[in-house]
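Undergrad: Work out the full structure, taking the sequences as your base and the hints as a guide.
Those sequence lines, one after another, are chains A and B. Under this note's numbering, the residues of the first sequence are numbered 723 to 885, in order. Under this note's numbering, the residues of the second sequence are numbered 330 to 902, in order.
The hints are simulated quantities; they were obtained by calculation from the structure and are not laboratory data. Here a beta-carbon is modelled for each residue, glycine too, at the ideal position from N, C-alpha and C. Worth double-checking, as some hints may not be accurate.
[To be verified] Pairwise CB distance ranges, derived in the manner of DEER restraints:
1) B:P406 <-> A:D776: 41 to 49 Å
2) A:G743 <-> B:K740: 36 to 44 Å
3) B:H463 <-> A:G743: 24 to 32 Å
4) B:P406 <-> A:T764: 54 to 62 Å
5) B:P497 <-> A:G743: 31 to 39 Å
6) A:S773 <-> B:T579: 25 to 33 Å
7) A:G743 <-> B:Y827: 35 to 43 Å
8) A:G743 <-> B:G691: 30 to 38 Å
9) A:M810 <-> B:P497: 47 to 55 Å
10) B:P832 <-> A:R724: 55 to 63 Å
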Amino acid sequence: MRHILSVLLENEPGSLSRVVGLFSQRNFNIESLTVAATDDETLSRITITTSGNDKVVEQVTKQLNKLVDVVKVVDLTEGDHIERELMMIKYKASGAARDEIKRTADIFRGQIIDITPTTYTVQLVGSSSKLDAFIDALETANLIEVVRTGVSGIARGEKVLSI
Amino acid sequence: MELLSGAEILIRALQDQGTTKIYGYPGGSVLHIYDALFQQDKVEHILVRHEQAATHMADAYARATGKAGVAMVTSGPGATNAITGIATAYTDSIPMVVITGQVMSHLIGEDAFQETDMIGISRPVVKHSFTVKHPTEIAEIVKKAFHIAESGRPGPVVIDVPKDMTNPTDKFEYVYPKSVKMRSYNPVSKGHSGQIKKAFDLLINAKRPVLYTGGGVIIGDACAELIELAQSLNYPVTNTLMGLGAYPGTDKQFVGMLGMHGSYEANMTMHHSDLILAVGVRFDDRVTNGLDKFCPTAKVVHIDIDPTSISKNVRADVPIVGPAKVVLQDFLKQLKASKTKPDAEALKTWWKQIDEWRTRHGGRYETDDSELMKPQQVIEMLSKVTNGDAYVCSDVGQHQMFAAQYYKFDKPNRWINSGGLGTMGYGFPAAMGVKVNFPDADVACVTGEGSIQMNIQELSTCSQYDIPVKIICLNNGSLGMVRQWQDMNYESRHSHSYMESLPDFVKLVESYGHVGIRVEKYEDLEEAMRKAFAMKDKLVFMDIKIDPHEHVYPMQIPRGSMRDMLLSKTERT
Ligand SMILES: Cc1ncc(C[n+]2csc(CCOP(=O)(O)OP(=O)(O)O)c2C)c(N)n1
Ligand SMILES: [Mg+2]
Chain A
723 MRHILSVLLE
733 NEPGSLSRVV
743 GLFSQRNFNI
753 ESLTVAATDD
763 ETLSRITITT
773 SGNDKVVEQV
783 TKQLNKLVDV
793 VKVVDLTEGD
803 HIERELMMIK
813 YKASGAARDE
823 IKRTADIFRG
833 QIIDITPTTY
843 TVQLVGSSSK
853 LDAFIDALET
863 ANLIEVVRTG
873 VSGIARGEKV
883 LSI
Chain B
330 MELLSGAEIL
340 IRALQDQGTT
350 KIYGYPGGSV
360 LHIYDALFQQ
370 DKVEHILVRH
380 EQAATHMADA
390 YARATGKAGV
400 AMVTSGPGAT
410 NAITGIATAY
420 TDSIPMVVIT
430 GQVMSHLIGE
440 DAFQETDMIG
450 ISRPVVKHSF
460 TVKHPTEIAE
470 IVKKAFHIAE
480 SGRPGPVVID
490 VPKDMTNPTD
500 KFEYVYPKSV
510 KMRSYNPVSK
520 GHSGQIKKAF
530 DLLINAKRPV
540 LYTGGGVIIG
550 DACAELIELA
560 QSLNYPVTNT
570 LMGLGAYPGT
580 DKQFVGMLGM
590 HGSYEANMTM
600 HHSDLILAVG
610 VRFDDRVTNG
620 LDKFCPTAKV
630 VHIDIDPTSI
640 SKNVRADVPI
650 VGPAKVVLQD
660 FLKQLKASKT
670 KPDAEALKTW
680 WKQIDEWRTR
690 HGGRYETDDS
700 ELMKPQQVIE
710 MLSKVTNGDA
720 YVCSDVGQHQ
730 MFAAQYYKFD
740 KPNRWINSGG
750 LGTMGYGFPA
760 AMGVKVNFPD
770 ADVACVTGEG
780 SIQMNIQELS
790 TCSQYDIPVK
800 IICLNNGSLG
810 MVRQWQDMNY
820 ESRHSHSYME
830 SLPDFVKLVE
840 SYGHVGIRVE
850 KYEDLEEAMR
860 KAFAMKDKLV
870 FMDIKIDPHE
880 HVYPMQIPRG
890 SMRDMLLSKT
900 ERT
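TA: Have a look at this one:
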């Protein structure tokens, strides 16, 4: 099963490499990882998507908690939550394809953020599966480049992750 | 206000931490620190001959005392030489602080002379690490390093010190913090009372219980509680390789070590139990054998300070995260208040069964017709000559297993070996680390002719500092443990497990000013060993020729259950 883990971490040099190192060292997989400082500069927040059976995810969570720099870990997928990912995707866009890309971007509530006579670059925000669906909806022959940020997540309602 | 350089701050912090000995080797990036060391006399430095030995000495000090040992090495090759020792400590959860020099801050990342990314290289084998970014941080980093190393599940901590942080002309205020607080690091201080209650109910109602305890009981200083609990309940106790000595080895409730080379009765007791109280253990693969066949009728209560150890390999029915000492004290309180008593009838039957297993095997070995001495005889003699009271620091191989099986440890912290990583070369420096801290104790290094050569250069350190350890070398002329596996699994094709060109160990140690004794016959053993231990101020190397064909038994059959064992070359369960 897919899990989204949110991690609060001391914003120290080397702390991120401990988190990343843990995953390779313990043979856990990372599907995506995003990281940035929070409103409190001394803390970074990481969102990791990983998959595995319950036993594996339990180990991942415990091992993350065990790192001395890690302040808190929660598994967002245990409760209601919102996940978002941002994608920028560039297409060859001439002839009929040009209209098709525009139309599809509109349907997905994407924005065209860069245009040349022969290309379109679309920006799309949503869940990972929405971004996947967008890619599937268009002819891949025209696709030139994709960049995705990886998932960021937050719990719904009053639940917060803070120290 | 006193002003000190970074180097002086570092040494002062060690003094204020109560460190009296450090083990190390100098080099370019730590020269300022060595100069500060030279100008004081509270912290004594022991110069080893290879950095690996420095880390093992610090590690063994920690195993014998429970307090973090300290090693110091230079950058680059000094640091990489220390890695094996750091990993050895990490795998066995041993508290240690390792100070590594680093090139000057502005050179980091430039591939400078003797630069290695020590924080990166050591990352998977440390509990935590620090880089000093300003000399004023040093005192607090040292305090934190000891705190992290010694608390929770202990482990090694590296402090990487760029040379410019110790510059003798840059002076700063020095204050050693009384305590440190870290919002991201708060090891648990007690177990969950509801869980303890649940566990206790299982424990008191068990019909075929066993206490399976490990290194966590020793490093967690919970031996007295374990003994009291086991003896109040009259339940059998087995210890892991790391846990030997936590429960007295000569007591009748002790069924021996368990696992791959555990005793027949310990493995049988585990397999047939209905309740396992596991304390400070991690259900290592060298203990459990095939996980799918592990103790089919047992419920598992698992106490450990590290939640990652719980339900990692074997699912715990009742997990308890907490320090072994505090949790066992809670069990004792429950026991005193409990109306339910252990089922005496069931226990009687259980002990009868265990005693039958004992008589079936009970640690026997064959002393056949041959003239050759058996390694087991040597260890039994060592146990006798030292009254079971020596610090036994072992290397890795067959001799290690024989020492674990046949030396009867009645006290904790006496059996010192690299259990988790299995580091050949550990034993001799470990013995040195113990001896310099316990000069009046008998300290033996049990080793093989293979392992001893991995750190034999330390004979020189022992001459320089007069470290009179006794080296008991079980010389079988081969990498015995490798050879045993080749005998069993590769039709005795002894690929590179034969030790050709062994030195004359007696002459070798004599050249360093030590004493060498060669023993070839069993009838000479006792006298020679007594003589060796009587030479209180001499390092004695006993080169003892043993049967090269001996195998370690019992031995669990791979992927079987705990009770599937080979008992000798011709018998299996
Ligand atoms: C550094 C290191 N290298 C290799 C091994 C693999 N190994 C385990 S036991 C052993 C043989 C040890 O030989 P010796 O010290 O003579 O002990 P014996 O088994 O003969 O008693 C070897 C090579 C190891 N444990 N450590
Ligand atoms: Mg050998």
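Undergrad: Please go over all the hints and tell whether each is borne out by the structure.
TA: Here is what the structure says about each hint:
{"no.": "1", "hint": "B:P406 <-> A:D776: 41 to 49 Å", "verdict": "holds, 45 Å"}
{"no.": "2", "hint": "A:G743 <-> B:K740: 36 to 44 Å", "verdict": "holds, 39 Å"}
{"no.": "3", "hint": "B:H463 <-> A:G743: 24 to 32 Å", "verdict": "holds, 25 Å"}
{"no.": "4", "hint": "B:P406 <-> A:T764: 54 to 62 Å", "verdict": "violated, 36 Å"}
{"no.": "5", "hint": "B:P497 <-> A:G743: 31 to 39 Å", "verdict": "holds, 35 Å"}
{"no.": "6", "hint": "A:S773 <-> B:T579: 25 to 33 Å", "verdict": "violated, 52 Å"}
{"no.": "7", "hint": "A:G743 <-> B:Y827: 35 to 43 Å", "verdict": "holds, 39 Å"}
{"no.": "8", "hint": "A:G743 <-> B:G691: 30 to 38 Å", "verdict": "violated, 47 Å"}
{"no.": "9", "hint": "A:M810 <-> B:P497: 47 to 55 Å", "verdict": "holds, 54 Å"}
{"no.": "10", "hint": "B:P832 <-> A:R724: 55 to 63 Å", "verdict": "holds, 60 Å"}
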